[in-house]
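Chains as they are written, first to last, in numbering that gives the first Met the number 0: chain A, 0 to 341; chain B, 0 to 341.
Hints in this document: simulated from the structure, not taken from any laboratory. Possibly wrong hints are sitting among the right ones.
Remember, identical chains collapse to one label, so a pair may be satisfied in a single copy or spanning two.
[Claimed, not checked] Okay, derived cross-link-like pairs now, SDA-like style, lysine to any residue, Cα gap no bigger than 20 Å in a straight line: (1) LYS138 / GLY334; (2) LYS138 / PRO65; (3) LYS138 / THR64; (4) LYS127 / ARG53; (5) LYS310 / ALA163; (6) LYS138 / ARG249; (7) LYS138 / ALA103; (8) LYS286 / ALA251; (9) LYS127 / VAL153; (10) LYS212 / GLY125; (11) LYS310 / GLY191; (12) LYS212 / GLU283; (13) LYS286 / PRO166; (14) LYS286 / LYS310; (15) LYS286 / THR64; (16) LYS194 / LYS310; (17) LYS310 / PRO166.
There are 2 protein chains.
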Amino acid sequence: MTKEHAKENEEVVLDHGTGARLSRELVERIAATLGDTYIGAMEDSAILEVPTGRIAVTTDSFVVTPLFFGNGDIGKVAVCGTVNDLAVSGARPLYLTLGLIIEAGFPIPLLVRALESARDAAKEAGVKIVAGDTKVVGKGEADRLFMNTAGVGVFERPPLVSRAVRPGHKIIVSGYLGNHSIHLLSVREGLGFEKRVQSDCAPLNGLIDAVLKGVPQGAVAAIRDVTRGGLCAVLHEFARASGAELSFARAALPVLPEAVMAADMLGINLIHLANEGCLCLFVEADKAGDVLGILRAHPYGRNAAVIGEVKAATEPVVSMTEPDGTQTLLEELYGAELPRLC
Amino acid sequence: MTKEHAKENEEVVLDHGTGARLSRELVERIAATLGDTYIGAMEDSAILEVPTGRIAVTTDSFVVTPLFFGNGDIGKVAVCGTVNDLAVSGARPLYLTLGLIIEAGFPIPLLVRALESARDAAKEAGVKIVAGDTKVVGKGEADRLFMNTAGVGVFERPPLVSRAVRPGHKIIVSGYLGNHSIHLLSVREGLGFEKRVQSDCAPLNGLIDAVLKGVPQGAVAAIRDVTRGGLCAVLHEFARASGAELSFARAALPVLPEAVMAADMLGINLIHLANEGCLCLFVEADKAGDVLGILRAHPYGRNAAVIGEVKAATEPVVSMTEPDGTQTLLEELYGAELPRLC
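Build out the structure end to end from the sequences listed, making use of the hints.
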């Protein structure tokens with residue numbers, strides 16, 4: 000893309016996706032926008048050094064709407080989502096790939112803005128974007144912009160796996176539940192909560208590294224980032240993996256009062272909503288206090304709380320205790336009718 | 000997804016993308032369809048062994064239309080495209096990730112069919128699918144089904160890079176030019192050529208391995224798969240990388256007569272069209288015969304031909320010699336108006 004093409008009203012056109020000169024110029028512009036965060040060599044594959052013999056690999060596609068929201072956008076979400084998926088497995092995120100599917104007519108300045116966010120998030124997380132791909136589809140064949148990121152990390156400590164979770168482990172949540180979803184729903188529906196409830200979207204590899212460095216190896220059994228399906232889906236996943244009862248207290252959940260109000264208005268429960276910067280950790284009981292302290296000392300873990308524990312059970316269940324002591328078994332939601340939050 | 004959900008008229012719905020039970024059931028069905036080709040552990044990241052300290056990483060999104068064509072479909076293209084991108088860099092492809100973006104209303108039996116093709120192609124290529132992601136968007140928000148694959152390979156020999164190409168190298172093409180595009184355009188436009196001109200979509204890692212094993216190290220300087228932009232885009236890329244003249248003879252190009260007829264009808268040139276199973280190789284002159292022999296002995300290289308050579312020049316150009324000896328300098332195409340062929 001020459002300077003003439005970078006004008007404010009310039010749009011992505013079908014020819015940008017054909018592999019010819021215009022394609023190449025768009026790719027060069029994308030690489031320039033990503034700056035030194037991008038280390039692809041314009042070959043068909045990036046050639047990378049991995050210092051360990053064991054790697055973590057993950058992928059995620061992002062179809063967020065709106066593309067740009069109060070304190071983030073699809074570019075930030077696409078990088079943080081994959082960085083976090085690597086980090087919760089105990090890996091150090093190193094490399095990301097970035098695949099773009101762009102609807103013809105999408106404004107190039109908005110594409111640049113999303114890429115700048117991706118670049119900034121990658122910088123914060125300390126990862127490099129090593130390979131990319133750009134496809135253009137016709138008007139009406141995609142909803143503006145979809146991103147896919149795949150990630151490669153290395154294991155400098157043993158991997159964290161869900162089967163390590165056992166009765167006796169404490170369950171810790173690292174931040175307010177549902178803020179990302181409430182923020183996006185508020186922007187989408189014009190509810191007016193979006194200023195008071197911000198998305199929590201953030202790269203959490205630094206937070207996770209601080210926790211894992213701060214306690215003896217094995218004290219943290221497993222970590223999961225709370226995304227689609229919310230805390231409830233995470234707890235059901237770990238209940239199935241451990242065959243245990245995952246029990247938490249409703250009053251212990253870290254929630255922002257404005258988010259509760261918004262969720263009540265929408266008739267939904269925060270435990271089913273997606274975050275993009277919130278962890279659920281399973282920790283040895285005698286180290287739970289240490290982990291909580293480390294989380295709370297970090298900007299992304301200030302509102303962390305111990306919410307419950309893993310109990311021996313004859314079948315996997317998720318249970319919630321009310322302030323009056325009554326207990327409810329939580330079903331796994333069948334569907335949620337809340338698509339495109341991440 | 001329970002058996003009741005696998006009925007012929009079952010469709011993907013928005014709830015399949017919400018992270019709740021329906022999502023999980025769809026993901027489990029996807030994993031079951033991929034069979035032992037899928038080695039993801041249903042954690043957020045796959046944990047993988049890499050036998051070398053140097054890896055190749057690449058990504059590609061696929062927006063092919065039609066999704067299903069005469070002798071292939073988006074699932075096959077998505078696996079072969081990424082396998083080939085890894086293999087042309089000299090890497091052995093090991094692991095793929097698979098990201099799906101599905102339009103609500105897409106028939107589940109067609110999704111299964113595309114995944115079966117992806118599985119079969121992965122089996123043939125000897126790669127495992129290690130992580131996946133599924134997003135569902137509303138009707139009209141995507142054109143049925145998009146796939147993204149990212150790939151990880153290992154280097155058991157030195158990487159092949161475009162800057163190794165030098166004057167004196169012979170240029171070899173491994174098969175008929177443009178067949179994949181002509182096949183898809185014929186299906187799209189109802190031209191009637193699709194039976195006689197089949198897509199060449201295939202995993203080429205076996206073919207590349209045979210070539211690299213069969214000649215001394217360094218004899219093959221670089222390989223590129225001829226995809227978007229066609230042979231002309233590949234030659235321009237290598238002209239820029241080497242600063243040399245890339246010269247070929249029109250009469251030497253391997254082309255299928257029916258593909259030439261179809262291209263003439265469409266007013267396009269086969270050198271600009273995408274393949275999905277065709278290589279362009281840059282080879283030391285005294286080993287070109289050996290490489291050609293190895294290619295022609297392989298089912299995917301039967302129609303290989305030496306088409307030209309790299310010549311010293313003052314600026315990078317691509318030149319074509321006609322049968323009467325006249326020479327044309329080929330411009331890089333600006334755009335091609337032929338989107339969504341891969």
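A quick look at each hint next to the structure:
In the homo-oligomer, the alpha carbons of LYS138 and GLY334 lie at most 20 Å apart only across protomers (17 Å), although the nearest pairing inside one protomer, at 30 Å, exceeds that limit. For the identical chains of this complex, LYS138 and PRO65 are neighbours both inside a copy (18 Å) and across copies (17 Å), given an alpha-carbon limit of 20 Å. In this homomeric assembly, LYS138 and THR64 come within 20 Å of each other (Cα to Cα) both inside a single copy, at 17 Å, and across copies, at 14 Å. In this assembly of identical chains, LYS127 and ARG53 lie within 20 Å of each other by CA distance both inside one copy and across copies; the values are 19 Å within and 16 Å between.
Proximity of LYS310 to ALA163 under the C-alpha cut-off of 20 Å is restricted to the intra-copy arrangement: shortest distance 14 Å within a copy versus 61 Å between copies. Neither within a single protomer nor between protomers do LYS138 and ARG249 lie at most 20 Å apart by alpha-carbon distance, with minima of 46 Å and 37 Å respectively. For the homomeric pair LYS138 and ALA103, the shortest alpha-carbon distances inside one copy (5 Å) and between copies (18 Å) are both at most 20 Å. When the C-alpha separation of LYS286 and ALA251 is checked against a cutoff of 20 Å, the pair qualifies only within one copy, where the shortest distance is 18 Å, while the shortest distance between copies is 72 Å.
For the identical chains of this complex, LYS127 and VAL153 are neighbours both inside a copy (13 Å) and across copies (19 Å), given an alpha-carbon limit of 20 Å. Taking the shortest alpha-carbon separations for LYS212 and GLY125, only the intra-copy value of 17 Å comes in at or below 20 Å, while the best inter-copy value is 38 Å. Taking identical chains as interchangeable, the C-alpha atoms of LYS310 and GLY191 are never at most 20 Å apart, the minima being 41 Å within one chain and 66 Å between chains. With identical chains, the CA atoms of LYS212 and GLU283 are at most 20 Å apart within one copy only, with a shortest distance of 15 Å there and 52 Å across copies.
Taking identical chains as interchangeable, the C-alpha atoms of LYS286 and PRO166 lie at most 20 Å apart only when both belong to the same chain, with a minimum of 15 Å there against 65 Å between chains. In this assembly of identical chains, LYS286 and LYS310 lie within 20 Å of each other by CA distance solely inside one copy; the values are 17 Å within and 68 Å between copies. In the homo-oligomer, the alpha carbons of LYS286 and THR64 never lie at most 20 Å apart, since the shortest distance is 39 Å inside one protomer and 54 Å across protomers. Proximity of LYS194 to LYS310 under the C-alpha cut-off of 20 Å is found in neither arrangement, the shortest distances being 39 Å within a copy and 62 Å between copies.
For the homomeric pair LYS310 and PRO166, the shortest alpha-carbon distance inside one copy (5 Å) is at most 20 Å, but the shortest distance between copies (71 Å) is not.
Going through the hint list in order, the structure does not satisfy hints 6, 11, 15, 16.
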